[in-house]
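Based on the sequences and whatever the hints tell you, model everything.
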Amino acid sequence: MKLREDALRWNAEFRSWIRAVTHRGRLESDMEAELENHLEQLTSDLIRAGHSAQEAARRARIALGPALMHKEEMRASLGLRWFDQIGGDVRYAVRMLRKSPGFTVIAVFSLALAIGANTAIFSLAKFLLYDRLEIPHPEGLKLLRWTGDAKVVAQSLWGDFDNTPGGGTTSSVFPYPIYREMSLHPAGMQSLAGFKEESMNATVRGTARSVNLAMVTGNYYDTLEVHPEVGRAIQPSDDAVSGLGDVAVISNSLWSREFGRSPAALGQTITLNEEKLTIIGVNPPRFTGAKNVLESPDLFVPISLEPLLKVQRAKRSDLANPTSGG
Amino acid sequence: MLILKAVSLGPLHGYGMLLRIRQNSGEELVIQQGSLYPALYRLEHQGAITSEWGDSEKNRRAKYYRRTKVGRKRLQAETEKWNKMAGIIAGILRTTPEST
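Protein chains in written order, with the working numbering: chain A, -15 to 310; chain B, 1110 to 1209.
The hints are all genuine.
Calculated Cβ distances over 12 Å to all of chain A for the following chain B residues: (1) 1111; (2) 1113; (3) 1114; (4) 1119; (5) 1196; (6) 1201.
Residues on chain B that point at chain A, a partial pick, calculated with CB under 8 Å: (7) 1124; (8) 1143; (9) 1147.
None of these hints come from the bench; they were simulated from the model. Just so you know, even glycine gets a beta-carbon here, dropped at the ideal spot from N, CA and C.
Put into structure tokens, the structure is as follows:
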């Protein structure tokens, strides 16, 4: 019972406050008019009681007291006191800041710098730590990494690798035979796919240019659970035989840029380092491959094509093909 | 409390309320003129009374206040409390000192 009464009262008070704030002008003139009216009536009553007009007016004014003070109390009753005080403080602050422009400029500049730096760092952290790939169930996907000590055998690595304290090496780049071996014994993993990103020369619709591409294993699309927007994805059958599988899936943005999102893109030919590939599918819009979330490689081709693509590299890579015994 | 009682018989404006309270107390109670309005505004803020502008007897614009349901309940509660308190105090004053 008491709670309900309290709730009703808060409700009434809140609504009264809102009304007072939004119709402030009318409130002020109403208060003025009410006090004026009271004064008039008091004066006329005093006149009726026998005082002269002047005397009555004087007495009435004294009796009523300072209108200013009453109005202030009336405003306090409505809960306007703190509101007015904050308003006054803000206006005072603005006045003071305007009087010393040099200080204000430096303060604003420092704040802007700090806020900007924080925003930049947070955006970077978000990108590095929190952003997920645009695939279903990104939390189920893990990128494997190996770590070796100073005696590790891998000598020439094609790709990113880092040194560990103690003279060792760590990298996410695995030799292809190791990948094959691991995918035979998944050890708790549902599916193991591999990819390698690289840039090469390609001719797309007659124009030669440098493209980023990703060479992917046949089960790449299945593992990531990514489905193409049009056409089909790369399948294990494309990757089955080394040197075969001259198909390519293009990125969504390449499809927009070069082919105007036309379904006629399927079946067209792209020449990649003198190899002719047929476009078989287009990736979905926000898919960027498995390496990063910023930019997508333009082409996705089966990794079985690697020996044909004559990739430039300084030393012999460990990406040897098991069937050729190399 | 006194204000709520004053408007219980019908809508009044500020000055009229002063007069009625003075009347009802047999000319004994004269309220400070200026402290009436803050009290009125507080009661309206809490929802115990509502106001509207109307014409006074002398054909002047005046703000009339009337009691709400909430105000009626409030008057009831306050009256009960007051009477209870008066009874308790009267009881205390009535007790004679214990004779040892």
